[in-house]
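Undergrad: Each chain, letter by letter, is given below.
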Amino acid sequence: MAADSNAPVKPESYRSGPDERGHFGIFGGRFVAETLMPLVLELEAAYAAACESPEFQEEFDYYAEHYIGRPSPLHFARSLTETLGGAKIYFKRDELNHTGAHKINNTLGQILLARRMGKSRIIAETGAGQHGVATATVCALFDLPCVVYMGATDIERQAPNVFRMKLLGAEVIPVTSGTGTLKDAMNDALRDWVANVEDTFYIIGTVAGPHPYPAMVRDFQSVIGRETREQILSAEGRLPDALVACIGGGSNAMGLFHPFLDDPVRMIGVEAGGLGVDTDKHAASLTGGRPGVLHGNRTYLLQNDDGQINDAHSISAGLDYPGIGPEHSWLHDVGRVEYVSVTDSEALDAFQMCCRTEGIIPALEPAHALAHVRKFAPELEKDKIIVMNMCGRGDKDIFTVAHALEINL
Amino acid sequence: MTSQIHPDRLADTFAGLAAMKRGGLITFITAGDPDPATSLALMKRLPQSGADIIELGMPFSDPMADGPAIQAASLRALKQGGSLRQTLDMVSEFRTDDQLTPVILMGYFNPIYQYGATRFVNDAVSAGVDGLILVDLPVEEDDELCDPARTAGLHWIRLVTPTTNDKRLAKVLQNTSGFVYHVSIAGITGTRSASSGSIDDAISRLRTHTTLPLAVGFGIKDPAQVRTVTASADAAVVGSAIVSEIENNLDGQSRPLPDLLDNVCSLVSELASGVRL
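Chains as they are written, first to last, in the working numbering: chain A, 1 to 409; chain B, 1001 to 1277.
Honestly, the hints are just simulated from the structure, not real lab data.
There could be a bad hint or two in this list.
No farther apart than 30 Å at their CA atoms in a straight line, the calculated lysine-lysine pairs in the DSBU-like style are these [what the hints assert, rightly or not]:
1. K1079(B) <-> K1044(B)
2. K1171(B) <-> K1044(B)
3. K119(A) <-> K166(A)
4. K1171(B) <-> K1079(B)
5. K119(A) <-> K1171(B)
6. K384(A) <-> K10(A)
7. K1079(B) <-> K119(A)
8. K1079(B) <-> K281(A)
Every beta carbon over 10 Å from chain B, so not counted as near; a handful from chain A, in silico [claimed, not checked]:
9. S13
10. G178
11. G292
12. G307
13. I398
Listed next, the stretches of chain B that the computed footprint assigns to chain A, with coverage defined by at least 3 CB atoms under 8 Å from CB atoms of chain A [as the list claims (entries may be wrong)]:
14. 1076 to 1084
15. 1113 to 1122
16. 1129 to 1138
17. 1157 to 1168
Every residue, glycine too, gets a C-beta built ideally from N, C-alpha and C.
Model the full structure from these sequences, guided by the hints.
TA: In structure tokens:
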């Protein structure tokens, strides 16, 4: 064997993964308990069949258009572009979707699949609550009981979303184990699934978990990138120079990037740097972590030398996860996508700037992407084009932002 | 391909149990819970209290298949500096006095992955470990640890669950040795208990597929359940009930109360009465 046999192999296409075992290079896989393994295989088969079914695609497209409100617009951020004085900046407006974030693209796809599989009960984990709300929403639409696991810490800082889920008829179960955040909510959702194997479908909210979840969630979210491609071609007559998206688990970024992976387009994923990646209070798994196994897949994780998972920190509850989707880990290692991080305070500054220059209150998650655009757009020529995914609206975050700015509402 | 280490304590133990015509008691504790010294002292007293096989949990921050009792035990151990290295050292120290009782390590893959799979199986063999149970390594991931562990001579004990259908069962049993661990419920540790009828049915089904000894675990809490289960199975596994008894003997700062060892060992003796006349 060659000495560098562990170096990632550059593929002919960056869009062909995963392999039949669910691997993107060394990442991904199916690291789950035996109890769940038959269910994971059943899901894989059902999803493969759905992908071959024109009816399934038609159903998805119908609800995407009439219920979610797709396609979401591609907005030229003229004022922001002028303020920054560099590349042209476009926002993919996925915050205009029903429920206010990109999360519903995936929950729609998964609940349609759950119905095809005859499942009668839905569970989900949530961090910021956007995925929980998106799951509760489609459960209300299709009249299925919904249980959402949410960390007790997150319940406190995302009270409006908790109330939304309850209004939509979901049961929100506070998770107090561990640190009471997203990773613990995912643990408890997996525990629920193991105990309710007969009737329950687990709607995972990001491009992580055992195969086929990372690929399936990516596919449902890729509607973002497919639309962006058509829209930018129509607006500018060419592909963009760069795509920018924030990354917690990485579903909005994967959805935007995937349709462009084989094109000459630069891609930048922005992780949550919290108080700084040189501190122990951040959520930048690629910048500050190393490969490990958690929640069914091998991927970059924040962990100590003994392999115990560290707590993540971010001002944004939606990015506060110590892992990242396995396909991102692979794209990082093969060098196809650049990954950077911005801090809580940079995201807060970008949040405020966006409100005032574009009249859009962004979620704290895409405020991270915008914080990087602020650094990077002025360095580019004026004829360059950047598309940033505005993946969520910020109404849910106004209390967190007020608190961070020391303002009493 | 497997070069089983000698002595094969698991095979000897099950042969001994068969000769005595009684079932075995497998007791679970988490290494380092509530602190390294107490945990080692407890481990050393388990055989004389009636444990036939010791299942030692390798602490992990995110034990996804475990219920609240064992999760809490993991966190207590980690808070006191528990680590995979410490777990292996604990087995080494145990082996200075006890050459006979089989020790099985149970846990999750990530700490081992960080330690290095090859280094781990070598160190585990040196420490005197007999077998491994890895919750999050299904047959689909056998190349990660199952293959190197079996090559090094460790038993690979696989969990068979109510969702493991016949087609899958053949695959699951293929690289299994030492014994088969039947998970009696679809669920996490320390919660529901299966009916004795469903356990009997599952054991009968497994007997038609394997000659390996069969152990049953999940939801077994008292001597009566131990007795019922071992009427058909070769051994019963008790975990959460023992770990909860440890928790019941801690002060407000999770420090052991003076009677912890005696109280936990007397529970183990009671449980052992379920496999003895």
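Undergrad: Would you mind marking each hint as holding or not holding in the structure?
TA: Going through the hints against the structure:
1. About 22 Å separates the Cα atoms of K1079(B) and K1044(B), which keeps this hinted pair within 30 Å; it holds.
2. Using a Cα cut-off of 30 Å, the hinted pair K1171(B) and K1044(B) is violated, with the two alpha carbons roughly 36 Å apart.
3. Of the pairs offered as hints, the one joining K119(A) and K166(A) holds, with about 22 Å between alpha carbons and a cut-off of 30 Å not exceeded.
4. The suggested pairing of K1171(B) with K1079(B) is violated, with an alpha-carbon distance near 38 Å, which exceeds 30 Å.
5. For a cut-off of 30 Å, the pair hint linking K119(A) to K1171(B) stands: about 27 Å separates their Cα positions.
6. With a CA separation close to 27 Å, the supplied pair K384(A) and K10(A) stays within the 30 Å bound.
7. Distance check on the hinted pair: K1079(B) and K119(A) sit about 40 Å apart at the alpha-carbon level, beyond 30 Å; violated.
8. A hinted pair counts as satisfied when its Cα atoms are at most 30 Å apart, and K1079(B) with K281(A) qualifies at roughly 19 Å.
9. Residue-level check passed: S13(A) sits 25 Å from the nearest beta carbon of chain B, beyond 10 Å.
10. For G178(A), the non-interface assignment is contradicted: its Cβ lies about 7 Å from the closest Cβ of chain B, within the 10 Å cut-off.
11. Look at G292(A): its CB is around 5 Å from the nearest CB on chain B, not clear of 10 Å, so calling it non-interface is violated.
12. Chain B draws G307(A) into its interface by the beta-carbon criterion, the shortest separation being 4 Å against a cut-off of 10 Å.
13. For I398(A), the non-interface assignment is confirmed: its Cβ lies about 32 Å from the closest Cβ of chain B, beyond the 10 Å cut-off.
14. For the segment 1076 to 1084 of chain B, the proposed coverage by chain A is satisfied: 3 residues have a C-beta within less than 8 Å of a C-beta in that chain, meeting the threshold of three.
15. By the rule of at least three residues with a Cβ nearer than 8 Å to a Cβ of chain A, the coverage given for the segment 1113 to 1122 of chain B holds, with 3 such residues.
16. For a cut-off of 8 Å, the count of residues in the segment 1129 to 1138 of chain B with a CB near a CB of chain A stands at 4, and the three-residue condition holds.
17. As drawn, the segment 1157 to 1168 of chain B meets chain A at 9 residues by the rule of a beta-carbon pair under 8 Å; at three or more, the given contact holds.
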